[in-house]
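**Student:** In case you want the letters, here they are:
2 protein chains.
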Amino acid sequence: MNGDQQPGKALTADLEWRERAKRVIPGGMYGHQNVRMLAPGYPQFFAGGQGARVWDVDGHTYVDFMCSYGPVVLGHHHPEVVAAAAAQAARGDCLNGPAPVMVELAEALVSTVSYADWAMFQKNGTDATTVCCMIARAATGRHKILVAERAYHGSAPWCTPVLRGVTPEERANVVLYRYNDLASVEEAAARAGDDVAGVLVTPFRHDAGYDQEFVDPAFAAGVRRLCDKLGAVLILDEVRCGFRLALGSSWDALGVRPDLSAWSKAIGNGYPIAAVLGIDALRDAARSIFVTGSFWFSAVPMAAALATLHVLRRDQAVERMAEVGRRFCAALTDQAQAAGFSVRVTGPAQMPYMTFADDPDGALISEFCLHALRAGVYLHPRHNWFVSAAITDEELEQALQATAKAFDMLRHRRA
Amino acid sequence: MNGDQQPGKALTADLEWRERAKRVIPGGMYGHQNVRMLAPGYPQFFAGGQGARVWDVDGHTYVDFMCSYGPVVLGHHHPEVVAAAAAQAARGDCLNGPAPVMVELAEALVSTVSYADWAMFQKNGTDATTVCCMIARAATGRHKILVAERAYHGSAPWCTPVLRGVTPEERANVVLYRYNDLASVEEAAARAGDDVAGVLVTPFRHDAGYDQEFVDPAFAAGVRRLCDKLGAVLILDEVRCGFRLALGSSWDALGVRPDLSAWSKAIGNGYPIAAVLGIDALRDAARSIFVTGSFWFSAVPMAAALATLHVLRRDQAVERMAEVGRRFCAALTDQAQAAGFSVRVTGPAQMPYMTFADDPDGALISEFCLHALRAGVYLHPRHNWFVSAAITDEELEQALQATAKAFDMLRHRRA
Numbered sequence: 001m002n003g004d005q006q007p008g009k010a011l012t013a014d015l016e017w018r019e020r021a022k023r024v025i026p027g028g029m030y031g032h033q034n035v036r037m038l039a040p041g042y043p044q045f046f047a048g049g050q051g052a053r054v055w056d057v058d059g060h061t062y063v064d065f066m067c068s069y070g071p072v073v074l075g076h077h078h079p080e081v082v083a084a085a086a087a088q089a090a091r092g093d094c095l096n097g098p099a100p101v102m103v104e105l106a107e108a109l110v111s112t113v114s115y116a117d118w119a120m121f122q123k124n125g126t127d128a129t130t131v132c133c134m135i136a137r138a139a140t141g142r143h144k145i146l147v148a149e150r151a152y153h154g155s156a157p158w159c160t161p162v163l164r165g166v167t168p169e170e171r172a173n174v175v176l177y178r179y180n181d182l183a184s185v186e187e188a189a190a191r192a193g194d195d196v197a198g199v200l201v202t203p204f205r206h207d208a209g210y211d212q213e214f215v216d217p218a219f220a221a222g223v224r225r226l227c228d229k230l231g232a233v234l235i236l237d238e239v240r241c242g243f244r245l246a247l248g249s250s251w252d253a254l255g256v257r258p259d260l261s262a263w264s265k266a267i268g269n270g271y272p273i274a275a276v277l278g279i280d281a282l283r284d285a286a287r288s289i290f291v292t293g294s295f296w297f298s299a300v301p302m303a304a305a306l307a308t309l310h311v312l313r314r315d316q317a318v319e320r321m322a323e324v325g326r327r328f329c330a331a332l333t334d335q336a337q338a339a340g341f342s343v344r345v346t347g348p349a350q351m352p353y354m355t356f357a358d359d360p361d362g363a364l365i366s367e368f369c370l371h372a373l374r375a376g377v378y379l380h381p382r383h384n385w386f387v388s389a390a391i392t393d394e395e396l397e398q399a400l401q402a403t404a405k406a407f408d409m410l411r412h413r414r415a
Numbered sequence: 001m002n003g004d005q006q007p008g009k010a011l012t013a014d015l016e017w018r019e020r021a022k023r024v025i026p027g028g029m030y031g032h033q034n035v036r037m038l039a040p041g042y043p044q045f046f047a048g049g050q051g052a053r054v055w056d057v058d059g060h061t062y063v064d065f066m067c068s069y070g071p072v073v074l075g076h077h078h079p080e081v082v083a084a085a086a087a088q089a090a091r092g093d094c095l096n097g098p099a100p101v102m103v104e105l106a107e108a109l110v111s112t113v114s115y116a117d118w119a120m121f122q123k124n125g126t127d128a129t130t131v132c133c134m135i136a137r138a139a140t141g142r143h144k145i146l147v148a149e150r151a152y153h154g155s156a157p158w159c160t161p162v163l164r165g166v167t168p169e170e171r172a173n174v175v176l177y178r179y180n181d182l183a184s185v186e187e188a189a190a191r192a193g194d195d196v197a198g199v200l201v202t203p204f205r206h207d208a209g210y211d212q213e214f215v216d217p218a219f220a221a222g223v224r225r226l227c228d229k230l231g232a233v234l235i236l237d238e239v240r241c242g243f244r245l246a247l248g249s250s251w252d253a254l255g256v257r258p259d260l261s262a263w264s265k266a267i268g269n270g271y272p273i274a275a276v277l278g279i280d281a282l283r284d285a286a287r288s289i290f291v292t293g294s295f296w297f298s299a300v301p302m303a304a305a306l307a308t309l310h311v312l313r314r315d316q317a318v319e320r321m322a323e324v325g326r327r328f329c330a331a332l333t334d335q336a337q338a339a340g341f342s343v344r345v346t347g348p349a350q351m352p353y354m355t356f357a358d359d360p361d362g363a364l365i366s367e368f369c370l371h372a373l374r375a376g377v378y379l380h381p382r383h384n385w386f387v388s389a390a391i392t393d394e395e396l397e398q399a400l401q402a403t404a405k406a407f408d409m410l411r412h413r414r415a
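If you read the sequences in order, they're chains A and B. Heads up, the first sequence is in my numbering, so the first residue is 1 and it goes up one at a time. Heads up, the second sequence is in my numbering, so the first residue is 1 and it goes up one at a time.
In case anyone wonders, no lab produced these hints; they're calculated from the structure. Treat the hints loosely; a few may be bogus.
Said to hold, decoys possible - So, partial list: chain A residues that the calculated Cβ filter (under 10 Å) puts toward chain B:
hint	residue
1	Phe46
2	Val57
3	Gly59
4	Gly92
5	Cys94
6	Thr126
7	Thr130
8	Lys144
9	Ala151
10	Ser155
11	Ile273
12	Ala286
13	Thr292
14	Ala338
15	Thr392
What the hints assert, rightly or not - Label-pair distances were calculated between CB atoms; the ranges are:
hint	chain 1	residue 1	chain 2	residue 2	range
16	A	Arg382	B	Asp280	47 to 57 Å
17	B	Val35	A	Gly41	24 to 34 Å
18	A	Ala218	B	Ala281	47 to 57 Å
Where is the CB? At the ideal position from N, CA and C, for every residue including glycine.
Use the sequences and the hints to build the structure in full.
**Tutor:** Written as structure tokens, this is what we have:
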């Protein structure tokens with residue numbers, strides 16, 4: 001099944017699929033897979049994956065540091081996740097009501113995430129963040145949600161980063177603050193008057209195309225205090241980070257507890273599921289809203305998520321991702337220095353992102369990533385990367401040989 | 001795997017799962033599975049299904065006329081759909097980019113649905129209707145969407161039937177009309193002034209808890225003319241009907257073409273997928289908006305949908321559903337008459353719904369459905385039913401024995 005072509009060869013099949021896609025898909029592809037957003041020279045279409053490797057339709061295989069933009073946390077085709085999903089599929093998936101595994105998964109999440117007393121499931125991360133806003137509004141009877149500038153919370157009209165097709169009214173109750181700037185949150189709250197339903201915040205700052213930024217513990221604690229003072233709901237958007245930074249809340253280490261949180265991506269190791277977790281005081285508000293979907297009660301992704309949670313815990317997968325990530329980031333920094341480049345590797349080691357000094361338009365990082373791709377490692381020039389627990393020491397070594405080669409190519413080109 | 005208990009026995013395991021669910025899920029269950037909306041005496045939790053049968057966690061087996069609220073169109077575990085999904089799963093599902101099957105599915109839909117020139121995929125029916133609104137707004141630069149009173153188009157803040165947690169601003173650009181009342185659409189358009197982006201309409205009227213109503217061909221044609229006159233986008237919400245009424249547009253028989261349409265449920269036979277189809281003139285608007293999801297490009301549900309489409313066509317499944325539905329509806333009417341009841345069976349035979357005369361609070365239909373359930377057929381007292389192509393003549397006969405028994409019980413109780 002594995003591709004046997006060397007990366008760097010032409011993307012012949014990819015181009016053929018792109019031509020066909022152009023005719024029947026607007027622009028050829030949309031959303032985060034938009035052809036215009038795809039890094040030049042990158043393949044659009046993928047044929048498969050196994051563990052920490054993926055291969056494109058031309059058979060080029062890559063050590064994968066994108067993990068399908070986050071969902072793949074234990075690697076593709078993790079045997080225990082696949083077995084749990086297959087066992088549930090053999091019974092039933094989309095039935096007239098939920099299967100027992102839904103309760104088991106809710107119980108597992110409630111016992112894993114310190115502050116969580118209950119769970120609701122959806123399909124998209126956007127569903128989860130939207131449901132959080134609705135619960136905060138139902139609980140408080142207020143309207144405004146405070147959101148960090150440039151933060152990504154999904155692609156519904158209230159949060160999509162592109163305003164085409166969105167009405168001003170749909171954004172009217174979003175009030176912006178600056179991440180890690182408590183005064184700006186207080187100012188946003190003041191602008192919202194007595195109408196603050198909630199403050200939405202990501203565990204750390206991971207805006208696409210920028211250096212990542214850890215949360216300032218004083219900021220997190222300050223937002224918590226402000227929410228308490230205002231009677232507003234603190235909503236943590238764990239969609240991108242959840243279960244990669246901690247097997248629990250990403251803010252457990254800070255001792256700051258949100259009231260609500262949105263989850264998706266990694267919780268099902270690639271099976272489609274999202275979740276909202278909340279505290280007991282928000283249970284009535286959560287039951288008072290009407291949100292649903294034809295596939296929200298499907299059993300197979302829930303069985304996959306339950307197995308994912310089990311394996312994450314048993315294999316200490318978060319620690320493994322952190323260790324691999326630290327080695328990868330440290331080696332990247334060393335390689336850059338050896339090649340005469342100044343780079344910043346930012347964010348948690350499990351979700352690193354690299355930028356070059358003096359690279360305002362991103363040309364250097366784009367060139368670097370393309371060289372790395374052709375040498376066999378899949379990175380992204382404008383989006384944070386993701387480490388999975390499936391990467392072996394040998395694959396890490398291969399990846400680092402590819403990045404070394406990429407720095408070398410860059411050095412020769414710039415010389 | 002099949003349950004071996006007789007329906008009508010106690011729901012012992014179901015009650016145990018409900019008790020556990022209450023602790024970790026707000027209200028015990030939410031959305032269309034909400035405990036409070038569940039018909040009294042109905043099981044909440046399901047253990048499995050095969051073909052046109054489903055069984056609950058207490059092992060009661062039912063001939064299924066709900067089809068998981070629509071998605072299951074070929075029956076549970078249809079071998080060709082399962083095989084196609086398994087073959088794709090063995091390659092890859094959630095990868096760094098889409099798989100070729102996405103293009104194949106888009107091509108298949110474009111060649112199946114007469115007016116469609118392109119396709120975009122999502123996860124929820126709500127995603128599809130929301131994306132349609134965004135495209136209509138992007139195309140026209142206008143804001144208002146005309147929507148029929150009581151019509152269900154999903155559970156996002158702009159369309160959920162319950163207003164808790166929703167801000168007035170999120171509904172500010174929805175203008176209501178009455179289904180099958182062209183003058184009311186014209187009045188709604190007049191209220192919206194020169195700001196009509198689109199008119200959203202279901203192929204027929206299937207509001208929960210009401211007699212269903214076929215679309216008046218003059219109404220459909222009139223809405224089309226009005227959209228043309230206003231330069232507004234006609235959006236057909238096929239989420240509930242799609243590929244059950246026709247293998248193509250549900251309005252093909254009327255000769256009325258929408259500009260955009262939203263699909264989900266039946267297109268993947270239970271695998272989670274939704275789609276927007278549109279005309280060439282809306283291609284640029286569709287590519288101009290930013291909508292996406294982590295699982296929107298996942299390959300397995302697309303492979304399932306492609307196989308579903310193939311089987312629907314080859315087996316003339318729509319005709320089979322119509323035939324079974326007609327026999328079911330005719331027999332129900334006869335049974336009712338024989339038992340001395342006056343019933344109305346409304347809507348297309350593949351998606352019938354029954355009400356009793358003189359039953360303003362729905363007590364009679366609820367009692368009927370519960371008797372039918374206990375006799376082994378799963379109907380819903382307040383939501384239209386769905387016929388799948390998997391129902392055998394023998395299963396239809398069993399279902400009709402159950403409904404005859406239910407009418408009989410009702411007659412004795414009322415006597």
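**Student:** If a hint holds in the structure, say so; if it doesn't, say that too.
**Tutor:** Status of each hint after checking the structure:
Checking phenylalanine 46 of chain A against chain B: minimum C-beta separation of about 4 Å stays under 10 Å; hint holds. A distance limit of 10 Å between C-beta atoms decides the matter here; for valine 57 of chain A the minimum to chain B is near 6 Å, and the interface restraint holds. Because the closest C-beta pair between glycine 59 of chain A and chain B is about 12 Å apart, greater than 10 Å, the hint is violated. Because the beta carbon of glycine 92 of chain A sits about 4 Å from the nearest beta carbon in chain B, less than 10 Å, this interface hint is met.
Because the smallest distance between the Cβ of cysteine 94 of chain A and any Cβ of chain B comes to about 4 Å, under 10 Å, the interface hint for this residue holds. Nearest Cβ of chain B to the Cβ of threonine 126 of chain A: about 6 Å, under the 10 Å cut. The hint holds. The beta carbon of threonine 130 of chain A comes within 7 Å of a beta carbon in chain B, closer than 10 Å, and the hint placing it at the interface holds. Because the smallest distance between the Cβ of lysine 144 of chain A and any Cβ of chain B comes to about 9 Å, under 10 Å, the interface hint for this residue holds.
Interface restraint check for alanine 151 of chain A: the shortest CB-CB distance to chain B comes to about 15 Å, outside 10 Å, so the restraint is violated. With a cut of 10 Å, the hint placing serine 155 of chain A at the interface with chain B holds, because the nearest CB-to-CB distance is about 5 Å. Hint status for isoleucine 273 of chain A: holds, given a least beta-carbon distance of 8 Å to chain B, under 10 Å. For alanine 286 of chain A, the shortest C-beta to C-beta distance to chain B is roughly 4 Å, which falls under 10 Å, so the interface hint holds.
The interface hint given for threonine 292 of chain A is met, as the beta carbon of that residue sits about 2 Å from the closest beta carbon of chain B, less than 10 Å. Contact between alanine 338 of chain A and chain B, as hinted, is not supported at the beta carbon level, the nearest pair being about 29 Å apart and thus beyond 10 Å. The interface hint given for threonine 392 of chain A is violated, since its Cβ lies 19 Å from the closest Cβ of chain B, which is over the 10 Å cut-off. Between arginine 382 of chain A and aspartate 280 of chain B, the C-beta spacing of about 31 Å breaks the proposed range 47 to 57 Å.
Restraint check, valine 35 of chain B to glycine 41 of chain A: a C-beta distance of roughly 53 Å breaks the suggested window 24 to 34 Å. As the Cβ distance of alanine 218 of chain A to alanine 281 of chain B is approximately 54 Å, the hint placing it in 47 to 57 Å holds.
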